[in-house]
Amino acid sequence: MATINLKLKVWRQKNHNDNGGFQDYDSGPVSTDMSFLEMLDVLNERLTLAGDEPIAFDHDCREGICGMCGAMVNGYAHGREKSTTLCQLHMRHFKDGETVVIEPFRAKAFGVIKDLIIDRSAFDHIITAGGYISINTGGAPDGNTTAIPQEIAEKALDASACIGCGACVAACPNAAAMLFTGAKISQLALLPQGNPERAKRVKSMMSRMGELGFGNCGNERECEASCPKNISIRNIARLNREFIRAAF
Amino acid sequence: MRQVAAGRVKIHARSEIMDIVVVDGHAKGVITRNLLTGQIERHAADAVILATGGYGNTYCLSTNAMGSNVTAAWRAYKRGAAYANPCFVQIHPTCIPVHGEHQSKLTLMSESLRNDGRVWVPKKAGDTRTPAEIPENERDYYLENKYPRFGNLVPRDVASRNAKEQCDNGKGVGKSGLAVYLDLSDAIERSGEAEIVRRYGNLFEMYEKITGEDPLKVPMRIYPAVHYTMGGLWVDYNLMSSVPGLFVLGEANFSDHGANRLGASALMQGLADGYFVIPATIGNYLAEISPGKVDTSHSKFAECEDEVKDKIGRLLAANGKHTVNEFHRKLGQIMWNYCGMARNRAGLEKALYEIPKLREEFWRDVNVPGSGDDLNQSLERAGRVADFMEFAELIVIDALNRNESCGCHLREESQTAENEAKRDDEHFSYVAAWEYKGLNETPSLHKEPLVFENIQLSQRNYK
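Just so you know, the sequences run in chain order A and B. Last residue of the first sequence: number 1591 in the working numbering, and the count goes up by one each step with no gaps. Last residue of the second sequence: number 952 in the working numbering, and the count goes up by one each step with no gaps.
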């Protein structure tokens, strides 16, 4: 284990209406075994005892499955490591003396609530527009009578790995939610249970996406590169195919 | 979200339950705090369902999510719901070890790894060589040696306790000495690297992110951590607590796992409780009452709201010298040391002395910055830790009462000749349901006898 010191530039913003701005902090000694959020925890402890307000940031499971955490670290959503949420980013990837810029995920559809906390309820609204199957499932025998090839099941499972963190939107120059929406559309379009509603679903979710202020896909592929769950942009291609299919 | 779209469910995101409102003995609503605005809100209802998870974070470090807390269940207890078997806390054997004092949570490596991994420590205490430098004949595959019939597949409590024993004897590995090896090299040789990666690849990625080590090259290091809490609010077969109209689902109740949950069964309980049981049982309750008579203007709501506001005010006013996290860590240490994998009377009594002292210190010397009128994460944590401070005592009281080794834990006074956990069905074959009698008062114990008709209870043996 080594110890490093970092210069932190952290976005502080009191509330949605505040303009906000960067504030400089010395990290103090940071063990390289610590996670990024533990580094912030320690800074927050120091701020609290010094009478300052700690940095607000979202987090919960701290093992990359809940989708609560996320921030831009030196311009990269969740930091530069591949397939990693912010809570899984560890300090061994930083160099002593380095300056680290931390700011919230930014998009028109995601307002900043406070400091690094953003409002991702727009994602909920996209799902509410049709990201489900409208009937209750039956018992286990029903499931077993619908054979699904392993390859298809795996693709649907990979698409369903999305945790809704918003990194794809933050990384996209157009602030598009195509990867997020494509993942849900794919998961349901690949499976027989999703078939009856597939046209209605894709039209409804796509139009909601636009209403909420998300942009369009420009094939930059930044979403895929930043996705902590390795959701493939093939899901965006499938979303587009579903959308065209729904028109006929 | 389908139910949201249908208008049948309204989600109050970023809201936290602060209290349960009980009117004439029936649960009639909840008080919540809007975490964005600080607004204290009243919600009236014909029935209340809690699905608020377990209380593992009483121990500060656990595999639970950071926000997981006991507040809703504890408030229900203080409003009259019996709390059952709180001392049944499962300590999972295969977690990534603690790296330092600022560790915020522990990550579980799936137990399935024990299907292929071999657990070992160096035979010699204080051996600081790297695992590769320790030859085969100087390794102790202690689970295989001690439990030849079950080997590395002994149940969670046995695996955890034995890891602790090895570390207590100075044979622990890694920088902290609080870890044992989980070695996959034999499995890789037997089945090939590709097959092992197919089985556990996602776990290896998680492990490598946290430790910076590749489990395909270096044995994993694991140590037990608090994982699941079998205890919870007492419920009947309809999942209703002892407060009529208050239903409790999932880990928040005590019902399905006895004293030692088995793998994957928490998911089963979540599905069963939510999908199959409650839709079939809550209607019966609603049919028996006259719905809709209480609204939020009832004096009980005002009373509850005042109490909630008072508590928030006191937390913000303490203006002390220590952070909430410092207190939480101290509470966790007490619980882990005296009410963890192995417990004894002297330790539990010490905990019963330490916890109220720490609680008093907390209210006097905690520092909660900011205000109650906007998003304040320190205040959220402070409220939860304040409840853990009270609840921890109940765990210890229950542990002290249960003078037998039962399921997940070892009571040191109750061991077999071979130092294995010894059950005492003659005296303890009951659910211990505790009833609140007031803060700093001893809760009263109700015993619900366990009746076994088709199986015979017997002492476990894995040798």
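If you're looking for bench data, these hints aren't it; they were derived computationally from the structure. Be careful, since some hints might not be right.
Cβ-Cβ distance ranges computed for the label pairs, FRET-style [to be verified]:
id: 1; chain 1: B; residue 1: G747; chain 2: A; residue 2: K1543; range: 43 to 53 Å
id: 2; chain 1: B; residue 1: Y951; chain 2: A; residue 2: R1423; range: 18 to 28 Å
id: 3; chain 1: B; residue 1: E930; chain 2: A; residue 2: Q1536; range: 49 to 59 Å
id: 4; chain 1: A; residue 1: K1438; chain 2: B; residue 2: Q948; range: 56 to 66 Å
id: 5; chain 1: A; residue 1: S1477; chain 2: B; residue 2: S860; range: 37 to 47 Å
id: 6; chain 1: B; residue 1: G772; chain 2: A; residue 2: I1478; range: 17 to 27 Å
id: 7; chain 1: B; residue 1: M757; chain 2: A; residue 2: K1543; range: 50 to 60 Å
id: 8; chain 1: B; residue 1: N808; chain 2: A; residue 2: K1438; range: 34 to 44 Å
Under the rule of at most 30 Å between Cα atoms (straight-line distance), these lysine-lysine pairs were calculated in the DSSO-like manner [stated by the list, open to error]:
id: 9; chain 1: A; residue 1: K1543; chain 2: B; residue 2: K839
id: 10; chain 1: A; residue 1: K1572; chain 2: B; residue 2: K800
id: 11; chain 1: B; residue 1: K936; chain 2: A; residue 2: K1438
id: 12; chain 1: A; residue 1: K1425; chain 2: B; residue 2: K664
id: 13; chain 1: B; residue 1: K800; chain 2: A; residue 2: K1357
id: 14; chain 1: A; residue 1: K1350; chain 2: B; residue 2: K810
id: 15; chain 1: A; residue 1: K1425; chain 2: B; residue 2: K706
id: 16; chain 1: A; residue 1: K1543; chain 2: A; residue 2: K1498
id: 17; chain 1: A; residue 1: K1357; chain 2: B; residue 2: K810
id: 18; chain 1: B; residue 1: K800; chain 2: A; residue 2: K1352
id: 19; chain 1: A; residue 1: K1572; chain 2: B; residue 2: K499
id: 20; chain 1: B; residue 1: K798; chain 2: A; residue 2: K1357
id: 21; chain 1: B; residue 1: K499; chain 2: A; residue 2: K1546
id: 22; chain 1: A; residue 1: K1357; chain 2: B; residue 2: K499
id: 23; chain 1: B; residue 1: K819; chain 2: B; residue 2: K664
id: 24; chain 1: A; residue 1: K1350; chain 2: B; residue 2: K664
id: 25; chain 1: B; residue 1: K839; chain 2: B; residue 2: K706
id: 26; chain 1: A; residue 1: K1451; chain 2: B; residue 2: K499
id: 27; chain 1: B; residue 1: K789; chain 2: A; residue 2: K1438
id: 28; chain 1: A; residue 1: K1425; chain 2: A; residue 2: K1543
C-beta: ideal position from N, C-alpha, C; glycine also.
Practice problem: Taking the numbered hints from earlier one at a time, note which ones the structure violates and give those numbers from smallest to largest. | Solution: Hints 2, 7, 9, 10, 11, 18, 25, 27, 28 not satisfied by this model.
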